[in-house]
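**Q** Take a look at the letters that make up each chain.
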Amino acid sequence: MDSNKAATQLLTESQITALENAFKAGDVEDRGVVDAGQVQFIVQQVLGDVLTVSEVRTLVQKGEAVGAATGVINLQEFKDLLIDLLHTTTTRWGALQTSLDGYVGFDTVLEQQRKKFLKKGFEFNLMVVGESGLGKSTLVNTLFKSKVSRTSCTNEPPQKIPKTVEINTVTHVIEEKNVRLRLSITDTPGFGDQVNNENCWLPIYDQINKQFDKYLTEERSVVRRKQIPDSRIHCCLYFIAPTGHGLKALDISCMKKLHDVVNIIPVIAKADTMTIEERDAFKDRIREDIAEAEIKVYPSSLLPEDEDVLQANAPIRKHLPLAVVGSDRALTINNKSILGRQTKWGFVEVENPNHCEFSFLRDMLLRTHMQDLKDTTHEEHYENYRRQKLSEEGNP
Amino acid sequence: MVLRTETPPAVTCVDKELNGYVGFANLPNQVFRKSVKRGFEFTLMVVGATGLGKSTLINSLFLSSIYEDGKYPAAGTPNKTVKVQNSTVYLVEGGVSLKLTLVDTPGFGDAINNTKCWKPILEYIDSKYEEYLNAEGHVNRSTVVDNRVHCCLYFISPGHGLKPLDIEFMKQLHEKVNIVPVIGKADTLTPEECAEFKANVMKEIENNDIKIYQFPVDEFDEEEEAQDLQAQLPFAVVGSNTMLDINGKKLRGRMYPWGIAEVENPDHCDFIFLRNLLIRTHMQDLKDVTNNVLYENFRCNKLAAVTSVSLDSKLASSNRNPLAQFEIEKKEHQERLKNMKAGMEKVMEEKVKEKMTKMEEQKNELKLKHEQALKHLEKMKKEIEAKRAELRDAQKAFDELQLASGVTVNNSTSSLNSTKDKISGKKTKSTKKLF
Chain Y
304 MDSNKAATQL LTESQITALE NAFKAGDVED RGVVDAGQVQ FIVQQVLGDV LTVSEVRTLV
364 QKGEAVGAAT GVINLQEFKD LLIDLLHTTT TRWGALQTSL DGYVGFDTVL EQQRKKFLKK
424 GFEFNLMVVG ESGLGKSTLV NTLFKSKVSR TSCTNEPPQK IPKTVEINTV THVIEEKNVR
484 LRLSITDTPG FGDQVNNENC WLPIYDQINK QFDKYLTEER SVVRRKQIPD SRIHCCLYFI
544 APTGHGLKAL DISCMKKLHD VVNIIPVIAK ADTMTIEERD AFKDRIREDI AEAEIKVYPS
604 SLLPEDEDVL QANAPIRKHL PLAVVGSDRA LTINNKSILG RQTKWGFVEV ENPNHCEFSF
664 LRDMLLRTHM QDLKDTTHEE HYENYRRQKL SEEGNP
Chain R
1471 MVLRTETPPA VTCVDKELNG YVGFANLPNQ VFRKSVKRGF EFTLMVVGAT GLGKSTLINS
1531 LFLSSIYEDG KYPAAGTPNK TVKVQNSTVY LVEGGVSLKL TLVDTPGFGD AINNTKCWKP
1591 ILEYIDSKYE EYLNAEGHVN RSTVVDNRVH CCLYFISPGH GLKPLDIEFM KQLHEKVNIV
1651 PVIGKADTLT PEECAEFKAN VMKEIENNDI KIYQFPVDEF DEEEEAQDLQ AQLPFAVVGS
1711 NTMLDINGKK LRGRMYPWGI AEVENPDHCD FIFLRNLLIR THMQDLKDVT NNVLYENFRC
1771 NKLAAVTSVS LDSKLASSNR NPLAQFEIEK KEHQERLKNM KAGMEKVMEE KVKEKMTKME
1831 EQKNELKLKH EQALKHLEKM KKEIEAKRAE LRDAQKAFDE LQLASGVTVN NSTSSLNSTK
1891 DKISGKKTKS TKKLF
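If you read the protein sequences in the order shown, they are chains Y and R.
First residue of the first sequence? That's 304 in this note's numbering, and the numbers climb one at a time after it.
First residue of the second sequence? That's 1471 in this note's numbering, and the numbers climb one at a time after it.
There are no misleading hints in this set.
Restraint ranges, calculated between C-beta atoms of paired labels, are given here:
| # | chain 1 | residue 1 | chain 2 | residue 2 | range |
| --- | --- | --- | --- | --- | --- |
| 1 | R | I1730 | Y | Q674 | 34 to 44 angstroms |
| 2 | Y | K621 | R | P1727 | 16 to 26 angstroms |
| 3 | Y | Q416 | R | K1586 | 58 to 68 angstroms |
| 4 | Y | Y508 | R | K1586 | 22 to 32 angstroms |
| 5 | Y | E591 | R | D1737 | 37 to 47 angstroms |
| 6 | Y | K621 | R | I1730 | 19 to 29 angstroms |
| 7 | R | K1586 | Y | P656 | 42 to 52 angstroms |
| 8 | Y | E591 | R | K1719 | 34 to 44 angstroms |
| 9 | Y | A615 | R | I1730 | 31 to 41 angstroms |
So, partial list: chain R residues that the calculated Cβ filter (under 10 angstroms) puts toward chain Y:
| # | residue |
| --- | --- |
| 10 | I1582 |
| 11 | G1629 |
| 12 | K1655 |
| 13 | T1660 |
| 14 | F1667 |
| 15 | Y1726 |
| 16 | P1727 |
| 17 | W1728 |
| 18 | C1739 |
No farther apart than 30 angstroms at their CA atoms in a straight line, the calculated lysine-lysine pairs in the DSBU-like style are these:
| # | chain 1 | residue 1 | chain 2 | residue 2 |
| --- | --- | --- | --- | --- |
| 19 | R | K1719 | Y | K647 |
| 20 | Y | K466 | R | K1586 |
| 21 | Y | K599 | Y | K677 |
| 22 | R | K1553 | Y | K466 |
| 23 | Y | K677 | Y | K621 |
None of these hints come from the bench; they were simulated from the model.
Idealized CB from N, CA, C, for every residue including glycine.
I would like the entire structure built from these sequences, with the hints used as guidance.
**A** If you want it as structure tokens, here you go:
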């Protein structure tokens, strides 16, 4: 009876009747129950052909789970299953939608949001990790087409290797077509450069957790700001040296320590060292190493994904790790100013997809996946941290 | 006038003309022939982190596949210790045979904790020196095999400068083996970056007092050549064993989408310099330096340790630089002086202390005596006072007596005086008796 009440609260009369009708239609033998495998077809009848492949798959799995004992599902269970599906996993109600008589105009909510966001501005926090001399600062400068890296901004004596891993953050506000982005780049000089690199990942790990902690305290405080300043690291670019042999032990151990707290995107630095065949062979080896060590790189395949996300992520996965070349110097060829590196035997064009995969990385990072990176950080990594922290406090 | 028909007497005309040629100008040829028969030996060691192109470079240098491609250790199984592997190849060219030993050091700098990763390498070099030392000391010395490491190519990863591991390694090994620093995978650097990097590296090498292999100047007819080589240090090399067809010419190089990096083009990289140095011009010099300087150092240290004369070994180790030796001696002398001075000062202090304590004691003693004497005096004084008081009483009594008996004042006074004296004499006598 309870669930019935719940059903009446969530769905309207007509919707419940539609469900029951569909159920009865599927229940040819009038037993009051329906085979678990039939659920898919009944749902198709009710909603129409609106569910995606992955959603159908989850539905079938759930149906089989529910009817595991007997192999059949009764009306109540079916209703519960559907309610669950309609309210949590999908917004596609298909034939169960209520129809509109005219133009209401709530589709402008997108525009309203956009205006709000423009006023608020966006934040993005990027971290670069790798040994010294791999071209991290140059790549960051190339990505954002301005001198935003640590070595370009501070007046330190250049390229002095510190004795311990330091964390340096530089913040810039850049603007493009009225969209303001507050970009902060966290650099880790001294990583992997010492003779003994045993705990060089520790400062990075601590820094990431510190930012999570800051956010958590803000969130939990009684009087808190309207917009919590987000200093959490959204993305970590891990630079792999172009040895051509595979991942180093240091790379594997560090990525394993960090993949649970931050989105890691591995990149092959100084990719102009390798010919195309060498590069492909190297990538294969790295992918093998990553799979063997079970490192979760971004985009994570563990999250449920629907069609378009899968489609968007597939080419990235094929090209991971991305082989990049950075340059903040441009040469004028044929009246066009092209970014690249001039060597004695040729000119390496940074934005040419035949030469290196920099444009790929830039598109992924800035043009398509920036919001997703932020969301993953907030929904997955931050939630993990929060859960851990709160359960620790609950059970001291 | 001498008739032409006259022949000089007693000189027989021989077929061979005596033209003053003795024949020792042929000696180099003899040496040459002997060494060619014997063949040459050369041991080359390559050290560097994985993936810097060491094997490819060796293959390119000697134009043969000494190292096979594709044998890379998986990163999941890191070498816990650095291994030292050597492989020997016999190469023949133009009738000259070369026994080339290549020493490889897989696993160097690969672990997360790389402290002491140079230790196996150091031990290997020392063991080879020891082998040679023992072989030299044998009764039968005809077959002394020279397995000592003649040259060590140290691969530096291109970036900004030397890493702490590089500096540490070179510091440990520069006195044991000829180090030639080399920049691996140099096709990653543009010409400006290359020049900057080379300058950085050489500056750091100088700052850390690392003695890399110096090219001897006097051997060259033109000094410029040697300086050229020196200026190119560290050599930025690119290795490749694949032949490419460029405009009909067969060249070794690496094919990129944006161009072809030629290995043997001096504009593109310093491979030619390195090859010339190692093989064509300085191979013998490397061997000589190893034999005369580095090996001698080792030998000196070893034998000196055996005879336990520690000073000698200190002197021997700075064989290379007589000025440095001077400095060491001077320092030692100063040390000795300092020690002596410190010793003497100590002794003086002790003596002074002793004296001071003695004086204190004496002072105390005197004080005590002084007090005692004072006390005694006080006692005496009191006694005298008591006696005086007695005398006065006695006098008074006597006076009264006199008055009572009516004796004249004059007589009495004079008699009093005399009696006084008598009494005082008596008193003194009696007091004396008291003593």
